[in-house]
Amino acid sequence: DAKTTQPTSMDCAEGRAANLPCNHSTISGNEYVYWYRQIHSQGPQYIIHGLKNNETNEMASLIITEDRKSSTLILPHATLRDTAVYYCILNAGGTSYGKLTFGQGTILTVHP
Amino acid sequence: DAGITQSPRYKITETGRQVTLMCHQTWSHSYMFWYRQDLGHGLRLIYYSAAADITDKGEVPDGYVVSRSKTENFPLTLESATRSQTSVYFCASSEVGARGSEAFFGQGTRLTVV
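Protein chains in written order, with the numbering used here: chain A, 42 to 153; chain R, 893 to 1006.
In isolation and in its complexed conformation, chain R is listed as follows (with noise of 0.2 Å):
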């Protein structure tokens, strides 16, 4: 199916453990990210892509890692995940276009750690 798709949808895993949320589209877009939305409060970028095998820290990276090595996925790995780290994870991509342009978001993850 064309789009953006996350998976999973949801995850409960526990302090300490490792876990990677997936990034998918299909559109071939160059710029990929990844945000954290928690209750109440708007979305923050933690990691963007510019393009493949090229990534980049935004507002709250620490703790995250990401990788690109094929345009269309865009993984994000919690390292050891902590209570903190519980939020909903959105994935959006977009190209590049003269006059600005529109970023596609997937239905996120909703990740929380016990």
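Extracted from the complex, chain A is given alone in its bound form (with noise of 0.2 Å):
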């Protein structure tokens, strides 16, 4: 699977939206873009996924660029329980399938 590139840290203040960015330029036209997050200590909780169109679920919006090469998740408001290590993961399925490549991700800290 491709690589993809998040900033180490953020922060966010309570209440606003979070945008966080993801790069992955070398993207496959088969790659699903997925976000977790991992609270810590605890197991990585899936949040979002997408190929090519905008999606939108109860906990996130992505936004993936028209030519695919990155992405951005949005938490439209923030709170202190979203405090988490965010990660930006490519995966195609067929032999790779549900075989997760977790970077560093992206802490957020998100602030009263």
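Check each hint, because a few of them may be wrong.
[As the list claims (entries may be wrong)] Derived CB-CB ranges, DEER-like:
no. : chain 1 : residue 1 : chain 2 : residue 2 : range
1   : A       : 104       : R       : 899       : 38 to 44 Å
2   : A       : 80        : R       : 944       : 29 to 35 Å
3   : R       : 909       : A       : 62        : 42 to 48 Å
4   : R       : 904       : A       : 69        : 39 to 45 Å
5   : R       : 965       : A       : 52        : 26 to 32 Å
6   : A       : 62        : R       : 962       : 30 to 36 Å
7   : R       : 988       : A       : 46        : 24 to 30 Å
8   : R       : 932       : A       : 52        : 35 to 41 Å
9   : A       : 104       : R       : 932       : 27 to 33 Å
[Said to hold, decoys possible] If we take Cβ atoms under 8 Å as the criterion, some of the chain R residues that face chain A in the derived model are:
no. : residue
10  : 916
11  : 934
12  : 937
13  : 950
14  : 953
15  : 982
16  : 992
Hints were generated in silico from the structure; no laboratory data involved.
Each residue gets a CB set at the ideal place from its N, CA and C atoms; glycine is no exception.
Assembly of the complex is requested from the two constituent chains, each provided in isolation within its own frame, with the hints serving as guidance.
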């Protein structure tokens, strides 16, 4: 699977939108963009994923650029409980299905 | 209870001992995975299984053995534990979906080898 690049850390004020960027300039046509987060010491939690269209669920929105070389995860109204490490991961399925490659992720700190 | 559970949550063992970490899921997901996470690092895949009796190596399989005789269980065995295997171990499961699929992770087993 292709590699992703994320900022090491970001801050956000409580109640504001948190926009987490991810670069994946070598993404393949069949690779989905997945976002997971890991709250301190817990197992990773799935947030959202998409192929080329923007996606929204109850937790977040995912904006993928038209050329698919980058994406942004948006938490619309961040709370203190959103403080976590956020991972942007590419996965194609097929023989690599479900085998997630975790990078260092972005440490998001939400401040009161 | 529905979900994915790992046991034990915490384990201390001595170098050279065999230890087995258990993982159980109630969704009948086809795929199951074992990851390890070392302090300050991301997760790395140890082994995975696409179905009962089908397992394959991940990125860091050395020193580990897995089996999957039943769909719902995926135990991970350290045959002769070493200090370098001190880590937090996460089990996950997922199902094949037409549009990709999310993985569900357990709460982890914190293993210390002394």
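Hint numbers not upheld by this structure, sorted from lowest to highest: Hints 5, 6, 8, 10, 14 are the ones this structure does not satisfy, whereas the remaining hints hold.
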